Amino acid sequence: MYVAVKGGERAIANAHAWLAEERRGDPAVPELTVAQIREQQRLAVDRVMTEGSLYDPDLAALALKQARGDQVEAIFLLRAYRTTLTRFGATVPLETSRMTVRRRVSAIFKDVPGGQVLGPTFDYTHRLLDFALAANGEPPAAPIAETPLADTLPGVIDVLNRESLIETEVAPSEAPTPPDLTREPLRFPAPRAMRLQNLARGDEGFLLALGYSTQRGYGRNHPFAGEIRFGEVTVEFEAPELGFAVELGDIELTECQMVNQFAGSKTEPPQFTRGYGTSFGHGERKAMGMALVDRALRAAELGEEVTSPAQDTEFVLYHSDNVEAQGFVQHLKLPHYVDFQSELTVIRGMRRTAAQTREAALAEAAE
Amino acid sequence: MKSDHDAKNRQRRLAALARSERETLEDALDRIKPPPRYDVVKPAETGLVMVRGRAGGSGAPFNLGEMTVTRCVVRGADGALGVGYVAGRDRRKAELVAIFDALLQDPERVGQLESDVIAPAEQRRRERQDHVLARAAATRVDFFTVVRGE
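Protein sequences, first through last, are from chains A and B.
The first sequence: position 298 = 298 (our numbering), numbered continuously.
The second sequence: position 130 = 130 (our numbering), numbered continuously.
Please keep in mind that the hints were generated in silico from the structure rather than gathered at the bench.
Computed from a prediction, not measured in an experiment: that's the story for all the values here.
It is possible that part of the hints are untrue.
[What the hints assert, rightly or not] Straight line, CA to CA, 16 Å or less: simulated EDC-like cross-link-like pairs of lysine to aspartate or glutamate: (1) LYS65/A - GLU21/A; (2) LYS8/B - ASP78/B; (3) LYS65/A - ASP130/A; (4) LYS42/B - ASP26/A; (5) LYS65/A - ASP123/A; (6) LYS8/B - GLU238/A.
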């Protein structure tokens, strides 16, 4: 147990002053601006927005600057900031099928309407350090095709699922208001909407590792990347003052549709099932990890045996949040003097008792 | 009672205004002589909306994460209420959108503003979008499947 302590104000203030100096680094090197982080460290910004669960690229860039590039610390800052703002309401659910696509690939269908579009990807790069970047210089302009892509590309699965061999995701006509983990605690069994919110906020590393574990045999579910898309989606909000949905603007979003083998059950014919992953900005690794885990967590619903960590809803959902996890792990650094003193007393007592028992036994043997 | 057509137009204009740069709107307002009068009914306020996604992209809604939004309500000289909702935290921009929303409800101004402010904003968006889509199209590939074991 942590017990409140007093004092140390001056040491703490001095430590924070030093931290600020360390954050700035060598003053002979020009200071980073928030705009530079937002534009040139964009994927770090995207991760902070996703796991901070707040889309605002400028705030995420500021948080990264303040946190000296520490992602989890920046995510914590964003989570703390959001509590200072009032909520106006919830948006109309996003129509990702109407995304302005920058990248869209499918690993299961070669010929998809609109084609395989690589977009700005690290895939197929050689992962060799580019020393040209150490010297500054503008990259050549990216080539432009004569004919642009269509304004929207329909979802691969929706288009190519003519035989209905892949499970369909249909919006219920009267969808209940989805649970909101920012206002209510986790409960079990957790409905899928609750799981998806938890995973969307969840730590990328944790979900990546769990997803990987399913591939290596711990809850194997035979995944294929049905579709990965990244681009801009319009956000609409039913404004009470207007009486209609107003477009607030566009956000960048990544989406992964995982398609998984499924043998069928007593009620369902054999078909492919699906797992879903998404992230703010460009976050493919996160979206893929999330999709694998989403599917793994459907094990019970699909009548599969729950044997592995990635299929264990309580294990996954209780440990996915890196702000909670870092808080509980790092609180161990705070003074536990009283706690430890009492443990010391207990240990001393146990030793005394053990010694007395031994002496008594020796005395008995000598008689 | 406003017609559906009016509501559709207002929706389209608000979408164009929300995607405009603050400076562009500021300049457009400066060009209006004499400067239009308006009262602030609800001062610009930054808050959050919860962005909803759908399971599998098309299924039941879930809460994906929040985003910052700023809103403002003004009343124009003719009594029309102007409403501004914009993504982000720019309070002046939300106020400018509200001002233009009020002005655009004036039948004597709407024609001019449509061609001076809304049409250029829609065109800029189209151009930005086409630029993205043309670069994306340049990265379209054909993967050839190589038959294994031959």
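Legend entry - Holds or violated: LYS65/A to GLU21/A, with C-alpha atoms at most 16 Å apart: holds (13 Å)
Inset, instruction - Verify the proposed pairing of LYS42/B with ASP26/A, using a straight-line Cα cut of 16 Å. - result: violated (46 Å)
Legend entry - Hinted pair LYS65/A and ASP123/A, Cα distance within 16 Å: The hint is violated at about 28 Å.
Inset, instruction - Measure nothing beyond the straight line between the CA atoms of LYS8/B and GLU238/A; if it is 16 Å or shorter, mark the hint as holding. - result: Distance ~14 Å between LYS8/B and GLU238/A Cα, so the pair holds.
Inset, instruction - Mind checking the alpha carbons of LYS8/B and ASP78/B for me, to see if they're no more than 16 Å apart? - result: violated (21 Å)
Legend entry - Satisfaction of hint between ASP130/A and LYS65/A, Cα-Cα up to 16 Å: Given that 16 Å is the threshold and the Cα spacing comes to 25 Å, the pair is violated.
Against the hints set out earlier in the document, violations occur for numbers 2, 3, 4 and 5.
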